[in-house]
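Following the hints, position chain B against chain A.
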Amino acid sequence: MSLVHGTNLRKTYRMSRHNSVAALCGVDVAIPAGEMVAIMGPSGSGKSTLMHLLGLLHAPDRDDGPAPQLRIDGVDVTTLSDGKRTAIRARSMGFVFQSFNLVPTLTAEENVALAAEYAGTSRGKARRAAREALDSVGLADRVGHRPMELSGGEQQRVAIARALVNDPMLILGDEPTGNLDSARTLEVLALLRRFNRERGQTVVLVTHDAEVGEACDRIIRMRDGLIVADELVAQLPVAA
Amino acid sequence: MRLLRELSRRKLRTTLTITGITIGIWALVVFSSMANKINDLVGMGADFYADKIVVTDGVAFGTSPMRLTDADAIASVDGVAAADPRVELLWETDLAVSFSVPDTILGTIPGADGGHDTFQTELATGRELAAEDAGNVVVLGSSLAQKHGVTTGGSIEIRGETFEVIGTLQPTLTAPDTTAYVTLAAAQPMYLGDLPPLVAESLVADELINQVVAYPDEGADISAVAAAIEATVENSATMTGAEFDETVGGTTAIFNAIIIGVAAISLIVGGLSVINTMAMSVAERTREIGIKRAIGGSRGRIIRELVAEAGVIGLIGGLIGLGLGAVVVVLANEAGRSGGTILFDLTVNTALFAVAFSTILGMIAGIIPSWSAARLDPVSALRYE
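So the protein lines, in turn, are chains A and B.
Numbered by our numbering, the letters in the first sequence go through residues 1 to 240 in order.
Numbered by our numbering, the letters in the second sequence go through residues 1 to 385 in order.
Here chain A stands alone, though its shape is the one from the complex:
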């Protein structure tokens, strides 16, 4: 059964009264639970927009075409209110961004704990969960450091710990290795693959990087707001 199942997903951004950009032009997508999927395509192909819909950061357009539907873990989330979509994001999803997106004034532990608190965990339990998550990404000795005191690779590992702290069923990465060198890229991919295999978490990565795509189970290729290819990847060993 698909963890994520979307049909007729469309999104048009209005830039001004007379200017709009159709970013997603009616996409059907299904991602089984436990799969690690890459969404690839050139700039403007709609891959980030698709990830924003799957991550419930935006809702699909409902006018000018057949009714869209998006189901996450069997629940129809197409028309949920902002509050309900936010609650699902907090409890069932983890996000990893290209530029790490950590809160600069908070320590690594506080950044990770914040996601747990947003999911409804008490502050004390959130702190403990954050330390465990940071330990699982090899940053047990950096819990008290602020983002500025960490390297890029370490910051992204903090972001991964934050994405994992609530043990979500879906991890979404928007160019998660885009700001990392090749060694750190392999580190991050290895971590994501490890959690995908050990915990059965579904991972969806938006990327330009062919190496990242090849590290996934499947690649969805996009162009001009449409899916143009959907192919399985012959699994290659990933450096640990």
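One or more of the hints may lead you astray.
To be verified - Per label pair, the in silico range of CB-to-CB distance:
id, chain 1, residue 1, chain 2, residue 2, range
1, B, LYS11, A, VAL228, 50 to 56 Å
2, A, ALA190, B, ALA283, 34 to 40 Å
3, A, LYS84, B, MET280, 28 to 34 Å
4, A, ASP167, B, MET280, 33 to 39 Å
5, B, LEU16, A, LYS84, 37 to 43 Å
6, A, SER16, B, ASN349, 53 to 59 Å
7, B, LEU4, A, ASP63, 44 to 50 Å
8, A, ARG62, B, ILE368, 29 to 35 Å
9, A, LYS84, B, THR347, 46 to 52 Å
10, A, ASP230, B, ALA283, 38 to 44 Å
11, B, THR19, A, CYS25, 54 to 60 Å
Derived from the structure by calculation, the hints contain no laboratory data.
C-beta: ideal position from N, C-alpha, C; glycine also.
Just chain B, lined up with the frame of chain A:
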């Protein structure tokens, strides 16, 4: 801790905003303390006038001469239970301009109120004046006793004459603190000496008073009794409790409104400053707010976080403003104490109100920018540079 860290990111702007709130709360504390003092005085005046009619010779609060026989005439008016003749005069003949209650001398016949006076002061030491007292004996209000460094058993010079101190009063923070209570016989010659020679030469000291306090019968219509007194005693003017409240209370309300208005203007400026600071803060932290929204921070949670920050700005400004206001109040009162000029009364309620008000003001001012922040689209906010 997180909150303070967030505020410390913008040290200069936060400091300036806190300074704005501090000035507003400082003004509120100082002016409210002054209003408290004035209200205390007026309240004490209202208590004093509550159950009596003060009769003077045509001038309210006046010190024009009356005759002792006027008291007998007033006592005979229907509805008057007792008439208490008095001489009230200033301690100093050449009074400098002052905002405080001046030192006064009050000459009375102990017991002349017939037990009707409900306005009571408490003794700190010694005893009150008694009917059998004669000569130069005095009961001093607390400020006078402190000012002259005397207590029961000591002596004090009043208008060139030595008086034996037979008692001192507990502080009331109002007029009795600066009053010396003497016998009517002791006050009459002093009053005569104050009058212009042309007036004085036709008067005899022991027939001289300048006010009569009339106590109406229980259940009597006070305004009707006052009218009857004015009709009976030629050129007399009466002041009842209701008239005092109307005359002085109205003036006090205007004064209070001006004082609170000045403080309110300062606080509105402070509040706008908080809005500005928080709006700038939200603009600077657009991306951070996007991150928080993306990882599951609800709109309500974002609003709470930012409103709490604004509230802390208000709280810190309020506490500093209260502290500085308290310093001014204490220093000004201490500086004025020797001259009997106690201008301020900083009460616990005023202090609590000031801090609570500044905190709530900060929070209210923080709502508008917080609301805007919470409505940011998380994707656009994440792209914000």
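Consistency of the hints with the structure:
1. Between B:LYS11 and A:VAL228 the Cβ separation comes to about 53 Å, which falls inside the hinted range of 50 to 56 Å.
2. A beta carbon spacing of about 39 Å between A:ALA190 and B:ALA283 agrees with the range 34 to 40 Å that was offered as a hint.
3. At about 32 Å, the beta-carbon gap between A:LYS84 and B:MET280 stays in the expected band of 28 to 34 Å.
4. Separation of A:ASP167 from B:MET280 is about 38 Å and conforms to the stated range, judged on CB atoms against 33 to 39 Å.
5. Roughly 41 Å separates the CB atoms of B:LEU16 and A:LYS84, a value that falls within the hinted 37 to 43 Å.
6. Checked against the hint of 53 to 59 Å, the C-beta distance between A:SER16 and B:ASN349 comes to roughly 56 Å, which is consistent with it.
7. Evaluation of the 44 to 50 Å hint for B:LEU4 and A:ASP63 yields a pass: the beta carbon distance comes to about 47 Å.
8. For the pair A:ARG62 and B:ILE368, the beta carbons lie near 32 Å from each other, so the given range of 29 to 35 Å is met.
9. Remark: the range hint 46 to 52 Å for A:LYS84 to B:THR347 is upheld by a beta-carbon distance near 50 Å.
10. In this structure the supplied range 38 to 44 Å holds for A:ASP230 paired with B:ALA283, their Cβ-Cβ distance being about 42 Å.
11. Separated by about 55 Å at the C-beta atoms, B:THR19 and A:CYS25 satisfy the suggested range of 54 to 60 Å.
In the structure shown, no violation is registered for any of the earlier numbered hints.
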